[in-house]
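Asks: With the hints as constraints, model all of the structure from the sequences given.
Going by my numbering, the sequence shown opens with residue -4, and the numbers climb by one from there.
These are calculated hints, taken from the structure and not from any lab test. Owing to the predicted nature of the structure, the values given are computational and were not obtained by experimental measurement. Possibly wrong hints are sitting among the right ones.
List time: in silico DSSO-like cross-link candidates among lysine-lysine, alpha-carbon distance up to 27 Å [to be verified]:
1) Lys79 - Lys97
2) Lys14 - Lys100
3) Lys48 - Lys97
The calculated label-pair distances, taken between Cβ atoms and stated as ranges, are [as the list claims (entries may be wrong)]:
4) Lys14 - Glu81: 32 to 38 Å
5) Pro84 - Asn18: 26 to 32 Å
6) Asp47 - Arg5: 30 to 36 Å
7) Phe8 - Ser31: 37 to 43 Å
8) Asp83 - Glu7: 16 to 22 Å
9) Ser31 - Thr95: 43 to 49 Å
Glycine included, C-beta positions come from ideal geometry on N, C-alpha and C.
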Amino acid sequence: MTTQLTREQRREFFRFLHKFRQNSLECLPDSGHQSSRIQLDLLIFCGSHLDDKVTVKQLITSIPSSDAGTRKHFEFLLEAGFVKLEGDPDDRRIRYVAATEKLDKLLDRWANVGTGLAEDYVLSESSEKTD
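Replies: Below, the structure is given as structure tokens:
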């Protein structure tokens, strides 16, 4: 069952999303390129698959962007030490993407930013209901 939001609630929700995205961009590592949606998508995917065995191919093809552009941003994350590659013991052709401690720290920082913004959003929503 979905709740029908008022126009004001929708506007506030999208303000929250916009603010979260802006704050998220500030958390991204400096790749020498303008921070992009591709970096955000890669980090969101990595963050949501931390304990999964994901191949490089699965990661690259999961991002709704060109493979070349996605690969460029992935290679930056690899070279900068945010992710590492692990081989498959049964098939030497397969390489899995694994998070490093550096990525874990970045994801923690990013999640804390989002959690703080979400709490502010929920508190502002609940205070409006009691007024």
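Asks: Does each hint fit the structure? Answer for all of them.
Replies: Tested hints:
1. Proposed proximity of Lys79 and Lys97 is supported: the alpha carbons are some 11 Å apart, at most 27 Å.
2. Using a Cα cut-off of 27 Å, the hinted pair Lys14 and Lys100 holds, with the two alpha carbons roughly 21 Å apart.
3. Restraint check: the Cα-Cα separation between Lys48 and Lys97 comes to about 19 Å, which is no more than 27 Å; the hinted pair holds.
4. A hinted range of 32 to 38 Å holds for the C-beta pair Lys14 and Glu81, which are about 36 Å apart.
5. Checked against the hint of 26 to 32 Å, the pair Pro84 and Asn18 fails, with Cβ atoms roughly 40 Å apart.
6. At about 33 Å, the CB distance of Asp47 to Arg5 agrees with the hint of 30 to 36 Å.
7. The hinted window of 37 to 43 Å between Phe8 and Ser31 is violated, with their beta carbons roughly 24 Å apart.
8. Here the CB-CB span from Asp83 to Glu7 is close to 46 Å, at odds with the stated 16 to 22 Å.
9. Range check, Ser31 to Thr95: Cβ separation about 21 Å, and the 43 to 49 Å hint is violated.
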